[in-house]
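Asks: All chains should be built: construct the whole structure from the sequences, respecting the hints.
Each chain, letter by letter, is given below.
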Amino acid sequence: MSVAHASPAPIAAERPRARRPSTFTVLRWELRKLRSQKRTYLGLGIAVLLPLIFVLAQNLRSGHPHGGDIIYATYITRSGLATPVLILFWASAFFLPLIASLVAGDVVANEDANGTLKTILTRSVDRGQVIAAKVATAILYATAGALTMALVATVAGVASWGFHSVITFSGTIVSAPKGLLLIAAAYAFYLIPLAAVASIGVLLSTLTRNSAAAVVGTLAFTLLLALVKLIPGLEGAGPYLLTTQYQAWQGLLATPTDWAPILHSLWVSALYAGPALIAAYLIFLRRDVAGG
Amino acid sequence: MLARGLVKRYKEVLAVDHVDLEVRAGDVYGFLGPNGAGKTTTLRMALGLITPSEGTVELFGADPMRAGAAALHGVAGFVEAPRFYPYLSGRKNLELLAALDGDDARDRIDEVLDTVELAPRAKHRVGGYSHGMRQRLGIAAALLRRPRLLILDEPATGLDPAGMRDMRLLIRRLAQDGITVLLSSHQLPEVQELCDRVAIVNRGRIVYEGGLSDLRAQAGRGYGLRTDDDTRARQIASGLSDLEVGVDPHGALRVHGPEAAIGRLSVALGQAGVAILSLTPELATLEDLFFRLTEESA
Ligand SMILES: Nc1ncnc2c1ncn2[C@@H]1O[C@H](COP(=O)(O)OP(=O)(O)OP(=O)(O)O)[C@@H](O)[C@H]1O
Ligand SMILES: [Mg+2]
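Residue numbers (our numbering), protein chains in the order written: chain R, 1 to 292; chain E, 293 to 590.
Calculated directly from the structure, the hints in this document are not laboratory data.
Here a beta-carbon is modelled for each residue, glycine too, at the ideal position from N, C-alpha and C.
With a straight-line cut-off of 20 Å between C-alpha atoms, the simulated EDC-like cross-links for lysine to aspartate or glutamate are: (1) K178(R) <-> D258(R); (2) K384(E) <-> D395(E); (3) K303(E) <-> D288(R); (4) K415(E) <-> D399(E); (5) K384(E) <-> D406(E); (6) K33(R) <-> E387(E).
To list a few chain R residues with every Cβ distance to chain E over 12 Å, as calculated: (7) N59; (8) T168; (9) I173; (10) L182; (11) F221; (12) L241; (13) P256; (14) L263; (15) A270.
Replies: See below:
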């Protein structure tokens, strides 16, 4: 330390004015941290690879294109726009929640384990701002994951099978531009339950203080919910399960548009996300930061 | 900083047991105690990182548990080892923290990097920093806030001798610049060298609080005594009030007491015809007192 050198301007000058940085500033730095971590690209990598593998597989067996599990799969080669629809159909229940939980489950616990929580909590930002920025980061990452998947699926699909009019789930043919719009809307509405998954991930991240436990816990939660419906006597719970909301976007691809499941998913998802966020906020506000 | 009746209970452990502290503006305040005494836990409460089970903390009149970050205005420091984002460079870490500080903290990054002599490595990822470099980055990060109160938890831990010396010089310089320093340590010499007031804590309890000079007076002074007739000298010394006399492991005489009593001893020895070959003050007695205070109550 340059004690021997001429000392720079006295550090203990008069008291500076108190000015709390905005939560947006905190968010910007959360996103920067996210960009600098390798693990961030794991989830995005899945979002890129999944549609590519899918399109490649379909191309390889193009000789007999009628092998899909669902009837809609038979339309795969007729328009590239069927690809993002099918991808969302398959990825909505597991892969996209997985991508969302990768960051959501890590976003608090990682800093807990590294001891950096104490570093940022002894600056001029309130704990409420930090947790708000972390929730926003988790949701933005989930959004980025879904968006990446949609883009790659659309581009790869269109490149393979062309930008043609596409059939909806109710059998109506819509023009290619309208189909594209519907696909964008479908992914956008799928973000509603996905944001709830991210919120639950942040709660578990705050609660468990352990990244792996929080990521696995979030996934286990959505997988277990999906099983509830299968328990005899609990079939009636279906509409109130978060996992059922993963499919609400399909209402958009019906003609006429079926808004009922979408509106339903809005409030059911809020019912999951709301308490999770409030709990995460309260826990984070009061918790002892003694690690590191 | 003012702490009143601070208690922190962990399930089985009473980590901090009714601690009262008063650090006044301009103090270089030493917070001394052996391992597990509750120093770090107390400082965590002071920084609002953990909630006290009982009692309150005030930083310039604001309670960090209630006022949140606003209470930390003008306060900086770290507990235990400072932690940073290993995947970001030293400078990026400081930029991040400066952003979280608001104000013009960002403009001071170069200055504080120079102060801790990390400028040449600022572009490298913190993940590759040595322990001492991280410690210095911790100081730099604290200085970014232009603190009036600097809270440091064993900042010299793990530093090499030169690093320790630099750390002490830096702390002294900061104190000269008018920064109040609360320094926890289990190294008595460090505290002796830097601090004017100390609290000694043991098992969560304050066993001494006050000026370092008062503590010295309380400790009395020890002297090594060599005479031409140690047996006689010992008899004479044990006859005098306020004086303790003993023999060290090498068989040499040690007397312990206030200066006045030592004076009387030398006169008495002279009158008895016992020649004093040497009477040398020992500096280790504060350490003895420290051990006595922290081991007695244990
Ligand atoms: N998070 C915690 N959970 C349980 N016990 C704790 C926790 N933090 C501290 N303690 C206990 O509180 C006591 C005081 O610990 P503290 O870290 O404050 O000591 P210290 O004086 O800083 O010691 P050192 O010189 O070793 O740093 C110890 O017995 C410790 O085990
Ligand atoms: Mg400690």
